[in-house]
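A.B. asks: In case you want the letters, here they are:
2 protein chains.
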Amino acid sequence: MTGTSETRALTELKQKLSETWDLTMIHGLLDWDQSTYMPPGGGPARARQSALIAGLAHERRTDREVGRLLDRLRPYEESLPYDSDDASLIRVARRAFERASRVPPAFMAELSRHFNLSYQAWAVARPQNDFAGMAPLLQKTIDLSRRYADYFSPYDHIADPLIAEADYGVTAAEVTQLFGRLRERLAPLVRAIVAMPPADDACLKQHYPRGEQWAINESILRSIGYDFERGRLDVTHHPFMTKFSLGDVRITTRVDEHDLGYALFSTIHEAGHAMYELGIDPAFEGTPLADGASSSVHESQSRLWENFVSRSLPFWQFFLKPLKAAFPAQLGGVDLETFYRAINRVERSLIRTEADEVTYNLHVMIRFDLELALLEGRLAVKDLPDAWNARYAADLGVAPPDDRDGVLQDVHWYAGFVGGAFQGYTLGNILCGQLHEAALVSHPSISADCAQGNFEALHAWLGSEVHRHGAKFTTAELVQRITNGPLRIEPYLAYLEAKYVPLYGLD
Amino acid sequence: MTGTSETRALTELKQKLSETWDLTMIHGLLDWDQSTYMPPGGGPARARQSALIAGLAHERRTDREVGRLLDRLRPYEESLPYDSDDASLIRVARRAFERASRVPPAFMAELSRHFNLSYQAWAVARPQNDFAGMAPLLQKTIDLSRRYADYFSPYDHIADPLIAEADYGVTAAEVTQLFGRLRERLAPLVRAIVAMPPADDACLKQHYPRGEQWAINESILRSIGYDFERGRLDVTHHPFMTKFSLGDVRITTRVDEHDLGYALFSTIHEAGHAMYELGIDPAFEGTPLADGASSSVHESQSRLWENFVSRSLPFWQFFLKPLKAAFPAQLGGVDLETFYRAINRVERSLIRTEADEVTYNLHVMIRFDLELALLEGRLAVKDLPDAWNARYAADLGVAPPDDRDGVLQDVHWYAGFVGGAFQGYTLGNILCGQLHEAALVSHPSISADCAQGNFEALHAWLGSEVHRHGAKFTTAELVQRITNGPLRIEPYLAYLEAKYVPLYGLD
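Chains L and P supply the protein sequences, listed in that same order. With numbering that gives the first Met the number 0, letter number 334 in the first sequence gets 333, and the count goes up by one each step, no holes. With numbering that gives the first Met the number 0, letter number 189 in the second sequence gets 188, and the count goes up by one each step, no holes.
Careful, some of the hints might be misleading.
Pairs involving identical chains hold if they fit within one copy or between any two copies, as the list cannot separate such chains.
[Claimed, not checked] Taking lysine to aspartate or glutamate and the DMTMM-like style, the derived pairs with C-alpha atoms no more than 25 Å apart in a straight line are: (1) 320 to 401; (2) 13 to 109; (3) 15 to 30; (4) 13 to 217; (5) 204 to 256.
Hints are computed from structural coordinates only; laboratory data are not their basis. In this text the structure is predicted, and so the values were computed from the model without any measurement.
Please work from the sequences and hints to get the whole structure.
C.D. replies: Next up, the structure:
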């Protein structure tokens with residue numbers, strides 16, 4: 000192949016990938032609008048329009064001409080360094096093409112119909128505490144998840160292809176091993192903390208008017224570096240991040256007027272996701288590289304800003320003053336130590352999304368283990384609520400009063416695959432520990448800078464080590480490049496212990 | 000053709016038309032988001048994404064399979080009454096297909112590129128008062144407009160195919176004749192009014208805070224029947240209406256804190272457009288019938304609510320009370336008569352979009368005449384500013400101080416065709432006069448109802464006579480059905496005279 004014909008094939012490939020990417024972005028806008036501003040009457044047509052765009056994107060994702068171009072580009076790819084932009088583009092595009100091509104379009108359509116149906120049923124069944132009503136739909140979801148996985152056989156574990164959707168290259172065996180060791184260390188830490196008098200978070204539970212919360216949250220977002228020229232903040236029922244290009248990465252939040260922490264930390268969490276996408280090399284715009292590396296790497300960024308940064312003492316050495324200025328009546332008499340303890344209150348709880356950073360991972364691991372048991376057939380759907388409740392009693396020492404706040408609480412299994420849905424949250428925390436440790440080694444001033452409201456060094460390090468690469472590397476490749484080794488739980492545990500042992504006066 | 004094969008062809012046609020329609024709606028959402036909420040960084044990708052969706056829609060609009068289905072459905076269409084839903088669908092789809100198929104895709108792309116370029120240049124040139132800079136682009140626009148028209152030859156007048164874009168079936172000859180007679184009658188009316196002492200509109204020009212204006216405008220919209228379950232109101236630089244389905248028809252406005260009338264009447268104007276779309280038979284969703292009949296029929300609806308209804312005395316007999324409650328300091332001492340005179344102040348002015356309802360049509364007719372002269376080659380681009388200024392002096396008695404507020408003021412010629420751009424505004428006013436007259440004959444209580452804040456009879460009449468038909472009928476067909484005759488200027492003139500003769504104490 001001559002240079003010119005390579006160039007032509009690459010240009011043609013990029014053109015095709017760009018259309019696929021743009022259709023995916025447009026699909027995202029349809030969803031964003033539906034969650035933020037669409038009036039109720041827009042619902043039926045929006046579902047039809049979303050399905051149309053999803054179908055057009057899927058057609059292009061499996062376009063055989065893309066396969067032919069990828070074949071023609073193989074010698075060129077092999078002539079380049081693995082981490083070059085072009086080789087990475089071709090490699091990541093090939094992976095996406097091959098994965099998409101394994102699954103028949105009719106199966107994809109069945110999946111989409113079923114997930115929609117199941118989601119609608121769950122939205123009704125959860126408030127009614129009706130697990131029995133959901134059981135047949137969940138059984139079908141498990142069957143479809145297995146069938147989906149089978150398109151990717153052979154595999155070591157049936158969950159592997161499902162995990163690969165979110166975290167390419169991560170296996171069930173690896174997660175099981177990491178989670179087992181993490182749980183062994185976390186469980187005694189949680190037990191020790193909850194044996195102590197609980198932190199008093201009454202200062203957060205006063206009346207905080209919506210408008211003032213909104214203003215201070217926007218101001219904090221600006222201070223930590225979220226760029227409102229390339230993003231915006233809106234209200235939705237569940238906070239999320241979404242992007243329509245590398246120049247337009249939006250986040251949403253919800254304000255609870257009786258819980259200052261809710262909007263504050265969920266907004267910073269979503270900004271962590273957004274700043275990752277905004278840091279991707281702009282040259283990747285319109286290609287499959289213009290995305291996060293995986294759901295666990297994404298979660299490492301949101302958790303880093305939410306917990307490692309904005310639940311740290313230095314952060315509030317700087318930000319408590321403007322926060323008090325926004326809420327003089329509520330926070331005037333609250334000192335830094337009290338506020339810091341309040342935002343880091345650890346407690347046994349029922350709801351994953353409301354859990355503190357120490358117990359959070361126990362919630363995730365329960366779900367991961369149950370997913371594997373369901374997929375392997377070791378656990379029947381009818382026995383799931385009991386299994387759930389037993390694990391909550393054993394791991395968290397709490398008993399769900401009903402399925403609404405038990406096995407029905409998360410949307411994931413009721414609107415998507417069983418398997419691969421949850422592990423990213425805790426892998427993200429683990430990875431966050433490693434990244435934070437590595438960043439501090441490179442830039443020991445990061446904590447002191449944070450107390451000055453200065454995040455430049457942290458941004459620069461994350462930008463060059465993580466963000467700019469986009470989807471070039473898998474989770475494992477990225478960890479290897481940065482830490483010269485695999486995923487390790489020790490830095491994360493060290494972070495938790497360094498923070499919570501003094502906070503709760505343990506041993 | 001058997002009934003079954005007809006049914007199959009019709010189903011297939013509807014499926015194809017629905018995709019085209021949905022892509023057009025999605026294109027609208029990309030535009031709406033760009034005008035309302037998109038951060039600046041989203042611009043470059045949005046242009047690319049809009050072009051992608053426009054291209055996909057155009058492909059489908061000219062899909063030869065649509066042509067074959069339309070051919071197969073001709074006997075079925077001919078077996079049905081002209082105004083049946085199916086016959087109308089096939090007829091209107093065929094018209095759209097045949098028109099779209101006459102123009103080569105490459106020419107469409109050239110047009111779109113040029114309009115984009117010209118718009119960008121105008122956005123810079125207008126504030127700089129730089130007509131000379133725009134002249135070559137305007138010359139190209141005229142050339143492209145002529146070439147576009149030529150794809151539809153033979154025609155009686157070169158503007159006819161351009162007018163048909165907005166108002167199918169209306170001809171330049173017909174408009175010239177109507178406008179000539181209207182101008183003959185309007186000019187003396189305007190002269191008589193401006194010879195009288197001007198109405199005092201100082202009460203509208205006080206400080207009206209944004210938030211209160213927004214609240215009262217939303218409340219008035221609800222009262223006149225705009226359905227916020229199927230629409231919403233947002234802020235944009237220029238007010239507009241757009242729809243994403245028949246269940247989601249949105250409007251926008253802009254608030255001027257020193258001019259109460261701006262947001263008030265522009266919001267009601269856009270609501271008039273929106274209520275038309277919201278009144279279309281829901282069975283037409285996803286078909287080319289789910290649209291207004293033409294730009295003049297659309298304008299008749301917006302003008303009816305903006306002028307005939309909400310600038311009437313009965314309207315404010317009801318609404319001045321809540322308006323005063325919203326602005327007690329500003330309006331507490333203002334009586335109904337003073338307010339009514341203020342909102343109906345007539346004056347010679349330079350800017351079309353700010354003109355009152357009497358002089359407005361003079362602005363439109365100047366543009367229409369100049370368009371014809373440019374297209375016919377009777378007027379050279381370099382002579383356009385002088386021709387513009389001469390007409391403003393003759394017709395409106397004002398001299399534009401510069402081109403910024405003269406020939407450069409409207410975006411139309413700088414972002415679209417020259418020809419067909421303006422006539423719909425005045426045709427809409429003319430038609431509005433006929434519709435209003437017909438509605439009053441059917442429901443003589445409409446004015447009295449209005450003074451009670453009750454618009455039920457008016458909505459019912461507009462719904463059954465105009466709205467529900469969507470795009471089934473052309474402008475002329477609709478006027479014929481409703482008034483048993485053609486477009487006539489007399490009812491509109493009678494309306495103006497009945498209102499303004501007593502208002503200004505003329506003979």
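A.B. asks: Out of the numbered hints, which ones does the structure contradict?
C.D. replies: Of the numbered hints given earlier, those the structure breaks are 1 and 4, listed in rising order.
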